[in-house]
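Participant: From first to last, the protein sequence lines are chains A and B.
Okay, so the first sequence: first residue is 1 according to my numbering, each after it adds one.
Okay, so the second sequence: first residue is 1 according to my numbering, each after it adds one.
Note that these hints are calculated values from the structure, not bench results.
Possibly wrong hints are sitting among the right ones.
Where chains are identical, the list cannot tell them apart; a pair therefore holds if satisfied intra-copy or between any two copies.
Calculated lysine to aspartate or glutamate pairs in the DMTMM-like style (CA-CA distance at most 20 Å, straight line) [to be verified]:
no., residue 1, residue 2
1, 154, 142
2, 59, 49
3, 158, 6
4, 33, 3
5, 59, 163
6, 59, 120
7, 158, 21
8, 59, 6
9, 59, 197
10, 59, 180
11, 158, 49
12, 127, 140
13, 154, 180
14, 59, 142
15, 127, 3
16, 127, 142
17, 46, 3
18, 59, 102
What follows is each chain in one-letter form.
Protein chains: 2
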Amino acid sequence: MPEPIDFHFDFSSPYGYLMSERIDALAARFDRKVRWKPMLLGVVYKQLDSQPLPSIPMKGPYSLHDIRRSARHLGIALTIPTPFPVATQHAARAYYWLHGQDCAMARAFAHAVFRAYFVDGRDISSKDVVVALAAAAGADADACARALDDDAVKQRLKDACGEALAAGVFGSPYVVIDGEPFWGVDRLAQIERWLAEGGF
Amino acid sequence: MPEPIDFHFDFSSPYGYLMSERIDALAARFDRKVRWKPMLLGVVYKQLDSQPLPSIPMKGPYSLHDIRRSARHLGIALTIPTPFPVATQHAARAYYWLHGQDCAMARAFAHAVFRAYFVDGRDISSKDVVVALAAAAGADADACARALDDDAVKQRLKDACGEALAAGVFGSPYVVIDGEPFWGVDRLAQIERWLAEGGF
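With the hints as extra help, turn the sequences into a complete structure.
Facilitator: In structure tokens form, the structure reads like this:
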């Protein structure tokens, strides 16, 4: 059985959302599992002295256009939410807390968070929204609300961000196949070829 | 006859080089001409307070790896030259000077500059190399050498950089089809679909 693929992302990354709608099915065609690894782009950008895409002159406005066009090209529903981007530490903490209980529930929650933000325009920075999405995925709402303030859960996300930085992650989505890194949903064709040919 | 496509690039941009090897043939399949428009990324980056890709932490090393892999994916010969990147004002000035005489000669020269740098590792920042490449494309070597110091030729490139900024160009390659902008050689599939369907 080949090694799982690592999929690093931030829940407020639109290109990360697009990747989230494709990577599992693509990997499954090559008998691969995918490890989903939410992190906080804010932590990465602070380290790199970078800034969120929408606030970069010229590139920012282009990117909003390109995000919509890339979604249409892939056939994936997407509306740029307002506000955009948002803080995603609650969503990421809930993900890791859920993952400690049930991988499948965590995966369903992650899809639900992405779609809540990029399809339904819900405010995924809100604790209440995060708890509601976790409950809809099958978690206990009160336990989830408590977990979001739990120091061990907070530390779990800090560790995840540190691990992402150590793995070279500087953006979202960032996919790693057997040590080979692919940044951006626009690398899907190369990812497919890499999986099919074992490198090229 | 549909409008020509605009292809903005810097001669020291590896992704620009990859695009230069594909855009004319792709456009021709849809009865389109391509206007090649060299500019100076340094001017753009100064305006945007940005910096060359290789000098950005984490993203820089990744990009050198991605450039090579993208070249293999497209089946185009490429070696990252040393030094990289280099100043390309002489090459760009020679291009516009040649274009004023003969479009086809300018196009042949542009291909030769890209290949001299990214295949043969020649120093395209050198006036001597630029003049030699222009002469090989059919130009008069002495006249080309004089043109590189001509104020009107220098102004032509300044104007081109100003026009690129005004057109929203913030990187290389930057392709515009009927007002629709595409940044990056990784947008080739979207460019092809846009040309085939007239938008999507």
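Participant: Decide, hint by hint, whether the structure agrees.
Facilitator: Tested hints:
1. 154 - 142: within (17 Å within a copy, 69 Å between copies)
2. 59 - 49: Answer is both; intra-copy 17 Å and inter-copy 12 Å each pass.
3. 158 - 6: Classified as within; 18 Å inside a copy, 46 Å across copies.
4. 33 - 3: Intra 8 Å, inter 47 Å, cutoff 20 Å: intra-copy only.
5. 59 - 163: between (28 Å within a copy, 17 Å between copies)
6. 59 - 120: Classified as neither; 26 Å inside a copy, 32 Å across copies.
7. 158 - 21: Answer is neither: 26 Å inside a copy and 44 Å across each miss the 20 Å cutoff.
8. 59 - 6: Answer is between: at 18 Å across copies they meet the 20 Å cutoff, but 28 Å inside does not.
9. 59 - 197: neither (34 Å within a copy, 25 Å between copies)
10. 59 - 180: between (27 Å within a copy, 14 Å between copies)
11. 158 - 49: So residue 158 and residue 49 pass the 20 Å test inside one copy only (19 Å; across, 31 Å).
12. 127 - 140: within (14 Å within a copy, 70 Å between copies)
13. 154 - 180: Neither, since 29 Å and 44 Å both go past 20 Å.
14. 59 - 142: Classified as neither: same-chain Cα gap 42 Å, cross-chain 41 Å, threshold 20 Å.
15. 127 - 3: The answer is neither: 34 Å in one copy and 51 Å across copies each exceed 20 Å.
16. 127 - 142: within (12 Å within a copy, 71 Å between copies)
17. 46 - 3: neither (31 Å within a copy, 44 Å between copies)
18. 59 - 102: neither (39 Å within a copy, 34 Å between copies)
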